[in-house]
Structure formats: C-alpha cells, structure tokens
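Chain by chain, the residues:
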Amino acid sequence: MKILPLDPEQSPLLIFDLLFKLKVRDVMSTQLVTITPEATLRSAQQRMKERGITGLPVVESDRLLGIVSMHDILTALDLGYINDPIDRHMPRNIVVLDEEMPLSLGITYFDKYRFGRFPVLNREKRLVGILTTRDISAGLLKELFKEVDRLQTGHEDTQAILQRRVQRTSTTRTYDFENAGRAAHEIKKLLVARAVDPAVVRRVAVAAYELEMNQIVHSNGGTLRLTLTPRVAELVAHDQGPGIADVAQAMQEGFTTANDWIKSLGFGAGMGLPNVQRVSDKFEIHSALRVGTTVRSIIFLSNPPKVKK
Amino acid sequence: MKVADLATLPGLEPLQPDGEDAELTGAYTSDLLSDVMAHAPAGGVLITIQAHTNTIAVASLVGLRAVILCNRRPVPDDMLAAARREHIRIYRTADHQFQASILVHHSLTA
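Quick mapping for you: the protein sequence lines, in order, are chains A and B.
This note's numbering applies: residue 1 is where the first sequence begins, and numbers increase by one.
This note's numbering applies: residue 310 is where the second sequence begins, and numbers increase by one.
These are calculated hints, taken from the structure and not from any lab test.
Note that beta-carbon positions come from the ideal geometry of N, C-alpha and C, so glycine has one too.
Treat the hints with caution; some may be incorrect.
[Claimed, not checked] What the simulated footprint calls covered on chain B by chain A, stretch by stretch (three residues with Cβ under 8 Å from a Cβ of chain A suffice, anywhere in the stretch; the number is not a length):
hint : region
1    : 330-342
2    : 346-353
3    : 363-377
[What the hints assert, rightly or not] Beta-carbon label-pair distances, calculated as ranges:
hint : chain 1 : residue 1 : chain 2 : residue 2 : range
4    : A       : K282      : B       : T418      : 38 to 48 Å
5    : A       : Q249      : B       : L417      : 36 to 46 Å
6    : B       : H348      : A       : S264      : 18 to 28 Å
7    : A       : D149      : B       : L389      : 47 to 57 Å
8    : A       : K21       : B       : T418      : 55 to 65 Å
9    : A       : A245      : B       : A390      : 34 to 44 Å
10   : B       : E322      : A       : Q240      : 38 to 48 Å
11   : A       : V291      : B       : L389      : 40 to 50 Å
Just chain A, same shape as in the assembly (with noise of 0.2 Å):
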C-alpha cells in the first residue's frame, strides 16, 4: 500500500501542476518540536505524547542529528533502555529533504523510504522545517483553494467583459461585392461569441447583411456601426448619399431602383428595407436627396418587451 495515496502521472492536471510549482518549503511544518540529543528517549516520549506527534528532531543548535520515532520508542521500551540518553540509540542515517526541492520529487520519497515524515534542511544544512503526508494534503487543499479563487475572479472577469458595451464600425464602399457580408458575418460571430439567442443572431444577421448590401447596391459608400449591450443590438447604418426620393415608396416590398446586373446577382428585389423591417423591433430611415440616408434598426437580445405593431 501506499502511504501517500498520491501518483503525480495519475492525478489530474490541475495537482499535477501544482505539485511542480510548489516546493517542499511551501507546504512544511514550520512550528517545530525538538529535542536534544542529551534527553532521555522516555523524555522524547513524553514530549511526542503531549505535542499529539509521531517523530521528533534531534537538534543541537540548529543541526540535525537525527530523528526519533514513535517506532523507536517502542524497541526502547521492549528492550528496557527508555531512561537511556537519545544519542545513544538514535539512528543517523537520516533521509532529509532539501526545502527547494520540488514536491513533486519530495512526495516519491514517502514511497521509496517508507517513512512517515521527512526534516527539510536549508541551503547551510540547518534545520527548517518537517515535512508529514498530512502537510501535503494539507498544503495542495489550500494551493486548489487559491486556484478556485482565482479561476472564479477569471470568470467574473468574463462576465464583466460580456456585460461591457461595444461598438463595431465598418465601412462599405459601391459594388465592392467581394466583401459584401463581411461586416454582417462579423457581427453574426459576435452575438454567437455572446451566447445569443440563434433566432435573435439571425434577425440581427438579416438586418445587417441588407443594411450592408444597399449601401454596396445603392449608396456612394457608407458605414455600419453595431452597438451591441447586454440587453440591445442597435445597427446604425449611414450612407453619403444619393438619398432617397421617396422613403414610403423605398419601404415598400418589391419596389426597386436596381439595375438589371445587380439583379442578375440575386439582389435589388425591393426586399431589403422591408426585411429589415421586419426582423426589427424599432426601425427608423431617414433621407434627404443628395444627401445621404440614415437607416437605424434594434433588436432586443432578451426578453423582448411585448410591443403592438
């Protein structure tokens, strides 16, 4: 069996990653209790027994002698030298840790000597700290913690970046039809990055492509600009002219001023306006003649507020 129920190659890549970045000095024991090596091992029991711990550093000023067991004490005890001096049973082939050493390699020592808690030595061999199985759970439970924290902040980083407002602007030049869709396909991958609604992406899609396309059919350029909210998708599109002579008659379906090229292309049906009509919640033209035209459409993303038409 093992004593740390711990593979770094068959946990998930969460701990793996954290048994890498953590270092041994990350996770020991700190508070320690010692003993001399002058003290009797029944002293050292005394000591283990009122600290509630299993293993106890020899130390003398700092340095690391050895270590004495819950084990050792039990052959002390069967062997009848419990009032004997520490230093005189003590074993001295101590397995240490270093504190830089990273957990990851300090765990497999658990396994390899078998051993319920390791010292943890600094750089000039002094003694700093102990390391028990106990300290790792311990220590990997407060690292997931801190990770959670910090993926939770991530998430609500996110969220405040959907709940931001955003404006997108692209410009449209005439019978430029190689990039006809692009400022509406643009616009599509936004709202499907917002997680909208399919119905309420493609109504947005609609108003956007024919917006774009009668500008491209029609105008002498012009610009699209979207401003998506968390609640509203507002497509503002603005043309410099010609304009239109009569917006009533523009509006309705069928009625086209297209030349017969555009409308071998599949366009300039008099479906356009009245398309974007139609998937709009408030819609709004106006145009002067030698001026320009202003097309606004909105779309409600959510919860739409019931209105007559």
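Please arrange chain B on chain A, whose structure you already have, making use of the hints.
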C-alpha cells in the same frame, strides 16, 4: 438524411465536398438572396442558380450547410474557396431548380 448523402443523388456533382456532416433540416429554392436570407432554414440546403461568392456569404449567415447549383452554371474559384472556408458543401447539377427541388424533396421525405 445527412448533408453528405446529397452526393448520392443522381446527377449531383460534388464540387466542394468538405463540411460538417449533420442531419439535413430542410431545403429552400430561390435565386433571390434577400429571400434566402429571410426564409431559408438553418441547417438546410439551398437550390439556386446564383453561382457566386455572395451566395456563400448569405448561406453562411443563415447557417445553410449546402448549396446545389443548377443548370450546370460555371462556378468561380473564389466561390469554392469561400465555401471551403465556411464549411459549406457545393454540388452542381444539369437539372433546373424545379427538378433539383423534387429530387431533394423525395430524399428528405423518404
């Protein structure tokens, strides 16, 4: 019927056969892109004679998975490239839109 099953229909020549394979949700026949934009079903196939990149732009916005080009219309390379980018399959046929629609209708309801 899956999108990729369109390739098994008689007379359909796959010009751009790459894309996600999913259940075909329906079909729409139109040469008017505003009309396609307004009414074509997401996840469906478009039957049309509009062989140019704007058809792919519309198909992508609507979420169409395939386009069948009728009357063996010449297909420009930039249309095929756009379709590949958007994972929209393109098939070509000598049939006209009415014949192609009947063909797709039969396999959708089979």
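We went through each hint and held it up to the structure:
1. 330-342: Result for this restraint: holds, n = 3.
2. 346-353: Held - the region 346-353 of chain B has 3 residues with a Cβ nearer than 8 Å to chain A, which meets the minimum of three.
3. 363-377: Holds, because 8 residues of the region 363-377 of chain B bring their Cβ atoms closer than 8 Å to Cβ atoms of chain A.
4. K282(A) x T418(B): 38 to 48 Å: Taking Cβ atoms as reference, K282(A) and T418(B) lie about 40 Å apart, which means the hint holds.
5. Q249(A) x L417(B): 36 to 46 Å: holds (40 Å)
6. H348(B) x S264(A): 18 to 28 Å: Holds, at about 21 Å.
7. D149(A) x L389(B): 47 to 57 Å: holds (50 Å)
8. K21(A) x T418(B): 55 to 65 Å: holds (60 Å)
9. A245(A) x A390(B): 34 to 44 Å: At roughly 40 Å between Cβ atoms, A390(B) and A245(A) fall inside 34 to 44 Å, so the hint holds.
10. E322(B) x Q240(A): 38 to 48 Å: Hint holds: Cβ distance 44 Å, inside 38 to 48 Å.
11. V291(A) x L389(B): 40 to 50 Å: For V291(A) and L389(B) the Cβ distance comes to about 41 Å; the hint holds.
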